[in-house]
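Produce the entire structure from the sequences given, and follow the hints as far as they go.
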Amino acid sequence: MTAKMTMAQAINSALRDAMTADESVVVFGEDVGPLGGVFRVTEGLTHDFGEDRCFDTPLAESGIVGMAAGMAMNGMRPVVEMQFDAFAYPAFEQVVSHVAKFGNRTRGRLRLPMVIRIPYAGGIGGVEHHCDSSEAYYAHTAGLTVLAPANNTDAYALLRAAIESPDPVVYLEPKRHYFSNEAVDLAAADSTIGRAAVVRNGRDATLIAYGPSVPIALAAAEEAATEGRDLGVVDLRSIVPFDDDTVCEQVKHTGRAVVVAEAPGFASVASEIAARVTEHCFHYLEAPVRRVTGFDIPYPAPKLEHFHLPDTARILDAVDELQWEDAL
Amino acid sequence: MSSDQRDAASATMRVLDEAGDLADGADRPDADGLLAGYRQLVHGRRLNELAGALVRQGRLAVYPSSRGQEACQVACAAALSEGDWLFPTYRDAVAIATRGVDPVEVLSMLKGDWHCGYDAARHRVAPQATPLATQLLHAVGVAHAARLKGEDTVVMALCGDGATSEGDFHEACNFAAVFAAPVVFFVQNNKYAISVPLARQSVAPSLASKAVGYGMPGVRVDGNDLAALSTVLGDAVERGRRGAGPTLVEADTYRVEAHTNADDATRYRTADEVDEWAGRDPLTRVSAYLRGVGVLDDDIEAEFTTDADRMAARVREGLGVDVAPDPGELFAHVYATPTQQLVQQRAALQAEFDVEEAR
Ligand SMILES: Cc1ncc(C[n+]2csc(CCOP(=O)(O)OP(=O)(O)O)c2C)c(N)n1
Ligand SMILES: [Mg+2]
Chain A
1 MTAKMTMAQA INSALRDAMT ADESVVVFGE DVGPLGGVFR VTEGLTHDFG
51 EDRCFDTPLA ESGIVGMAAG MAMNGMRPVV EMQFDAFAYP AFEQVVSHVA
101 KFGNRTRGRL RLPMVIRIPY AGGIGGVEHH CDSSEAYYAH TAGLTVLAPA
151 NNTDAYALLR AAIESPDPVV YLEPKRHYFS NEAVDLAAAD STIGRAAVVR
201 NGRDATLIAY GPSVPIALAA AEEAATEGRD LGVVDLRSIV PFDDDTVCEQ
251 VKHTGRAVVV AEAPGFASVA SEIAARVTEH CFHYLEAPVR RVTGFDIPYP
301 APKLEHFHLP DTARILDAVD ELQWEDAL
Chain B
1 MSSDQRDAAS ATMRVLDEAG DLADGADRPD ADGLLAGYRQ LVHGRRLNEL
51 AGALVRQGRL AVYPSSRGQE ACQVACAAAL SEGDWLFPTY RDAVAIATRG
101 VDPVEVLSML KGDWHCGYDA ARHRVAPQAT PLATQLLHAV GVAHAARLKG
151 EDTVVMALCG DGATSEGDFH EACNFAAVFA APVVFFVQNN KYAISVPLAR
201 QSVAPSLASK AVGYGMPGVR VDGNDLAALS TVLGDAVERG RRGAGPTLVE
251 ADTYRVEAHT NADDATRYRT ADEVDEWAGR DPLTRVSAYL RGVGVLDDDI
301 EAEFTTDADR MAARVREGLG VDVAPDPGEL FAHVYATPTQ QLVQQRAALQ
351 AEFDVEEAR
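Line order of the protein sequences matches chains A and B. The working numbering puts the first residue of the first sequence at 1, with every later residue one more than the last. The working numbering puts the first residue of the second sequence at 1, with every later residue one more than the last.
These are computed hints drawn from the structure, not numbers from a lab. For glycine and all other residues, C-beta sits at the position ideal for the given N, C-alpha and C. It cannot be assumed that every hint is accurate.
As the list claims (entries may be wrong) - Covered by chain B, per the in silico footprint, the following chain A stretches (three or more residues, Cβ under 8 Å):
#	segment
1	34-40
2	121-129
3	195-204
4	227-239
What the hints assert, rightly or not - Derived coverage of chain A by chain B (criterion: at least 3 residues anywhere in the stretch with Cβ under 8 Å from a Cβ of chain B; other residues may be distant):
#	segment
5	66-72
6	303-309
Spelled out as structure tokens, the structure:
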């Protein structure tokens, strides 16, 4: 059963289906009620499920996340929205010191089944504080599951899984794809947390990406094919837990890997991936693992963002440097 | 805290009523001062209209309009002396322009050139803050440092009704009160935080009444009454200047336009409500009063309008000049001295251009 929908609609469907299936699922945040969210992801939920199930809060992210933690302690499954990536930072203390650690602190007696949805990353010409790739902060914090869907089917399936997870989940929505229309097959979607997907098979090298960088990696692979190079693409889907098996199987097969991510490269998720691949696949590698990332700078103003963001040209340049001469 | 102070925090101070008549018990405002303020209101309104038009023409990416709030914008900037500081938000372009910053520089941020288009240090105007309420603590810091250095600087810190729900708002008020910092917290209560109405932010009797809990005076003022705002903000600045500490001022006003051009306000409020507030326009009230006392006539009004049109033409022209952004700048300001990695990354980007040029 496939239907055409945008990513915003796919996420909306996941919220609806979860709210219908489980009365303890509640949605709240800033402007998520009557307005339906600034990206319309929560459109109609207050109307259809009532004020108690989907509501606006006072404007305070620490309050939203902290209250969600308490509600999760008391049997509910809150799904909260941070309006933009950088506006989640006031909640950082709650996320890092409490949401991530409660299960461990209480020896598993109080787990916090909650989801923090964050529209993230750039590519929309947004002004400052609206385009951060903040995944490394969360991925670095033990206790958080960090998911980054790249397509509309996964956006649905992974959110359903996140809501059902006993652990707190940071759910990163690539905002530049909110309004991209795709055929979505809700029934066939893979809702396994921690499983990467091989979205393109390739013999020569493996591109590893997640979230908004997956379509760019796929476009680069397309372009490489016209030049006679066969690149595979792995979509992580889940940053934490990390699927070493799928990633390494692909890299061992090709012997070459390029990691693509929009966030600044220094101390990043891309760095972690490169390190893991190097450790696990060292004897199979024909060249050092390369990273194509944003620069180590604050996210640029709109007119400059295209200089910062990884594009197909940079990916293909990195691929070119994977010591092909030696292979001849 | 005296009972007077508690009353001031809940009653709304007014000098001119909606028709432009002197409010009961109010002192007559200084007519010349008010005329100068009116000129700034006309300019402020024109700037809001211009920015709106530039967005529609695709010249600006986005504009959070302060239409209907121009009296707040003008009064808070006009209350400051040259050595004082202003801490504005994204909605306060008109306040910044009133302070004397070239509107071209103010609006250039919204063209997407850089995060702040004016010289924040020279003008003593902080960059427009987007992360809500965070700038209020910086304002307290600037004020406290001024006190420690023996300067008589006062800091005007702006935020909206929604921002008063953030933890940083509370911390800033408390710090300022504890350190008797010369800060004026000026809350423009325009009744909405994007779609969320005031009732969802606070059930306190007023936002100004929050001051009671911090041990500082709180004053609620008609935010569409330039004369009242000038008095209240002038007093608050003077209070800070003489070392008596911070004041919280709440302006009762209304966001007449949508949150930004990207917002659809019809989803969460009625046209009747908007019309009602549009009828309380801050400009007509002042002009009615000034005409009544014989200080304003058609000639002066025409002169103000011509001036404002000239300003608008100049700003439009200034914003029409597209300077190609310099990608090298991406790496220049991150640290006082760029790190080795940034130097390498800058060179790598330059190499991409060189390759393109060679093609
Ligand atoms: C910390 C933070 N959270 C959320 C936002 C997104 N946001 C931008 S403006 C706004 C509403 C602010 O309302 P208010 O403080 O009343 O100011 P107004 O826009 O009405 O002038 C929101 C939620 C933000 N900028 N910063
Ligand atoms: Mg407001």
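To see whether the hints hold, each was checked on the structure:
For the segment 34-40 of chain A, the proposed coverage by chain B is satisfied: 4 residues have a C-beta within less than 8 Å of a C-beta in that chain, meeting the threshold of three. Under the rule that three or more residues need a Cβ within less than 8 Å of chain B, the assignment of the segment 121-129 of chain A holds, with 4 such residues. For the segment 195-204 of chain A, the proposed coverage by chain B is not satisfied: 0 residues have a C-beta within less than 8 Å of a C-beta in that chain, short of the threshold of three. As drawn, the segment 227-239 of chain A meets chain B at 0 residues by the rule of a beta-carbon pair under 8 Å; below three, the given contact is violated.
Counting residues of the segment 66-72 of chain A whose beta-carbon sits less than 8 Å from any beta-carbon of chain B gives 0, not enough to reach three: the coverage restraint is violated. Under the rule that three or more residues need a Cβ within less than 8 Å of chain B, the assignment of the segment 303-309 of chain A holds, with 4 such residues.
This entry does not satisfy hints 3, 4 and 5, going by the numbered hints stated previously.
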